[in-house]
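Number of protein chains: 2
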Amino acid sequence: MELEQQIETLCRQAQSASRVLAALPSKTKDSWLLSAAERLEANRETILVANRRDIAEAEQKGIATPMVRRLSLEGGKWEDMIDGLRQVARLQDPVGEISEMNVRPNGLRVGRMRIPLGVIGMIYESRPNVTVDAAALCVKAGNAVILRGGSEAFHSNQALGTVLRAAAADTGLPEDAIQLLPTTDRDAIDHLLKMDRYVDLMIPRGGAPLIRKVMRESSIPVLAHDEGVCHVFIDESAEMEMAAAIVRDSKIRQMAICNGLETLLCHRNAASRVLPEVLKRLHEEGVEIRGCSETCDVFSEAVPASDADWSAEYLDKILAVKVVDDLDAAVAHVQRFGSEHTDVIVTSDYASSQEWVRRVNSSTVGVNCSTAFSDGYRLGLGAEIGVSTSKLHAFGPMGLEGLTTRKFVLFGDGQLRE
Amino acid sequence: MELEQQIETLCRQAQSASRVLAALPSKTKDSWLLSAAERLEANRETILVANRRDIAEAEQKGIATPMVRRLSLEGGKWEDMIDGLRQVARLQDPVGEISEMNVRPNGLRVGRMRIPLGVIGMIYESRPNVTVDAAALCVKAGNAVILRGGSEAFHSNQALGTVLRAAAADTGLPEDAIQLLPTTDRDAIDHLLKMDRYVDLMIPRGGAPLIRKVMRESSIPVLAHDEGVCHVFIDESAEMEMAAAIVRDSKIRQMAICNGLETLLCHRNAASRVLPEVLKRLHEEGVEIRGCSETCDVFSEAVPASDADWSAEYLDKILAVKVVDDLDAAVAHVQRFGSEHTDVIVTSDYASSQEWVRRVNSSTVGVNCSTAFSDGYRLGLGAEIGVSTSKLHAFGPMGLEGLTTRKFVLFGDGQLRE
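Sequence lines, in order, name chains V and B.
With positions in the first sequence counted from 1, the corresponding number in the working numbering is that position plus 1.
With positions in the second sequence counted from 1, the corresponding number in the working numbering is that position plus 1.
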């Protein structure tokens with residue numbers, strides 16, 4: 002009960018702060034971002050001491066090396082984090098923009114003004130730089146933010162949060178706009194997920210169990226950043242070289258990422274012409290090929306795929322490959338096994354390209370390009386808080402705009418309904 | 002368990018149908034709307050027999066008269082319902098529109114295409130015409146719809162649903178795009194709220210207990226249509242006649258409606274000049290005035306308000322009235338007691354108008370107009386599925402666009418990240 006009250010107080014403070022923050026001019030928010038960058042630089046050693054303590058504790062607990070590596074704020078990550086704050090300061094503030102302004106027959110002028118959502122709760126794992134990145138984007142969009150990072154990064158996150166709050170005090174931003182849960186107690190998350198009176202949006206980022214838990218238990222609206230089972234479909238008319246390059250870039254440019262290729266589909270009439278060379282090149286770079294029987298026929302190094310492979314998010318050097326009858330069958334496969342994340346066709350045929358774009362309703366649908374472009378920076382959003390797999394509000398890569406909503410604004414001179 | 006499987010089957014059928022529906026051209030959807038209108042006319046007597054049966058059963062059960070009256074499909078409601086279908090057929094189809102198309106430095110063309118959400122679940126009470134209105138809007142926006150009306154309107158809804166599905170068979174629309182829960186068993190709702198694998202959005206419309214239940218228990222994203230505690234703030238500089246007309250129109254044009262005025266705020270410096278006349282006119286039309294002590298000082302017919310009055314949604318001939326120090330205090334009152342629905346200022350002062358619009362983040366914020374304009378038709382949306390009090394996705398009056406989302410579409414010629 003004491004913990005619940007503590008969380009409620011923190012949420013209420015965030016809500017009060019959000020109302021002040023919502024009305025602040027861009028320059029105050031940008032000053033905070035720049036001041037936070039400076040203060041982080043000035044407190045670098047203190048923060049890295051906290052960070053090394055987290056790392057040492059994680060090693061002592063026997064946490065796996067890749068996970069421990071993600072904890073570290075060193076090795077370029079520090080500079081990226083600081084640079085990120087300055088970049089966000091340069092982005093255009095979405096708040097206050099009025100669009101779709103029009104005059105109704107009675108003279109009432111009606112438009113839609115972009116406003117902050119209010120209070121955003123972020124629950125994330127391991128990487129402590131997310132604390133800074135997420136706070137920067139949420140605050141730039143005029144929102145208060147409640148941060149709950151992984152327990153293994155607790156000391157790093159607290160040290161970073163202290164600096165972010167101190168920078169607020171410098172610049173006239175309400176300090177309570179940046180809140181960190183003060184405990185690693187998991188009950189705190191349960192309480193937070195019920196604070197719908199104060200919190201407007203929950204964004205969970207991390208493994209599937211965390212995301213499912215938040216979706217199941219939250220009474221606050223959730224934008225999930227869930228898995229990506231992404232496809233490339235090699236159409237009948239695909240050029241072999243383009244297909245090979247796109248498949249390679251989509252699969253092995255970066256492996257442990259939600260926009261990575263997991264299942265390759267190939268039109269039956271292109272299978273013997275295109276597949277052997279495309280798969281040979283991947284296989285030479287160490288990718289295991291798990292194929293349907295026809296794939297195994299045209300590429301002897303493939304191993305037979307099982308049913309589970311069609312919905313697997315490997316995030317690893319494994320690729321599922323299936324030969325399909327035609328575009329219809331490819332679309333049906335994507336709808337059945339995909340995760341509505343990112344799906345690309347490689348084709349030279351106009352009608353196929355249009356069909357694919359029209360019928361595949363994933364958050365990013367591409368023609369003749371790598372799946373790796375499903376990324377806020379690459380799509381021109383200027384920033385990315387994540388890639389939403391929720392269809393409502395923000396579907397796909399999500400930048401500052403996804404952290405806002407719109408209200409109707411009405412300018413009248415005495416208009417009545419009656 | 003049997004009921005759960007029945008609901009799951011129905012949801013799965015709706016999902017399959019939604020994928021066909023999403024790719025249909027506007028003309029097929031519009032044919033369905035027009036055919037549904039014709040078939041309803043042709044089956045008028047059968048449907049009204051079912052409707053009269055619901056009404057008779059409701060009367061037998063001793064259900065209150067206003068509720069029984071809302072059940073009826075006669076007395077102009079029938080014609081409005083049919084006309085509504087034809088109006089929706091004339092609306093522009095939002096699906097497929099590409100906006101924000103731009104070319105990235107690498108030549109990749111990126112745009113955002115509007116697409117259906119997929120499957121929408123509607124839970125609503127009493128008025129059976131909602132069955133037709135909601136199905137029309139959901140299907141026009143390319144979505145399958147699962148309808149669960151009030152148990153007291155069961156026979157009417159089944160009769161209407163049968164006709165809507167028959168019209169689908171006429172016009173090449175998948176029949177399963179329109180689903181009605183086949184039972185009044187409340188467990189069916191509990192099962193439906195967990196079908197997040199198939200259903201993309203839940204829209205509850207009705208009393209607060211229904212809405213809270215859905216928000217609390219749904220694992221599917223919810224757009225709530227919750228209460229409106231709407232305000233008019235009479236600023237220091239308000240013209241008396243304009244204030245009186247706006248207050249009257251906002252309060253008594255229609256009483257039992259979420260955009261109706263519930264609390265009137267008045268700047269202290271305008272209280273003696275404006276309030277007595279504004280309140281006198283309302284009082285003469287039978288509105289009970291519940292005022293703060295200063296209101297009671299300037300208008301002797303007022304009765305003292307209690308704390309509960311400031312957050313009451315009366316939906317009745319009662320108005321809470323409070324004198325406040327200034328615009329700051331009015332904004333603070335709205336933030337504390339309001340429901341972020343519709344809030345209007347009456348003012349002659351430029352700075353006050355701008356402050357109000359900037360600082361009050363309700364779904365509809367107005368200057369010098371009636372709160373009654375918070376309505377999809379009046380704001381030019383062409384239609385209205387309801388007024389969302391959820392901040393995400395669609396905030397405020399919600400038309401066809403709110404029943405869609407956007408995907409990123411990428412047109413490349415071989416672009417790679419690497």
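Hints are computed from structural coordinates only; laboratory data are not their basis.
All C-beta atoms in this analysis are idealised placements derived from N, C-alpha and C, irrespective of residue type, glycine included.
Incorrect hints may have been included.
[As the list claims (entries may be wrong)] Residues from chain B that face chain V, not an exhaustive set, calculated with beta carbons under 10 angstroms: (1) L35; (2) Y315; (3) A333; (4) F338; (5) K408.
Fill in: Numbered hints the structure breaks, given as an ascending list
1, 2, 4
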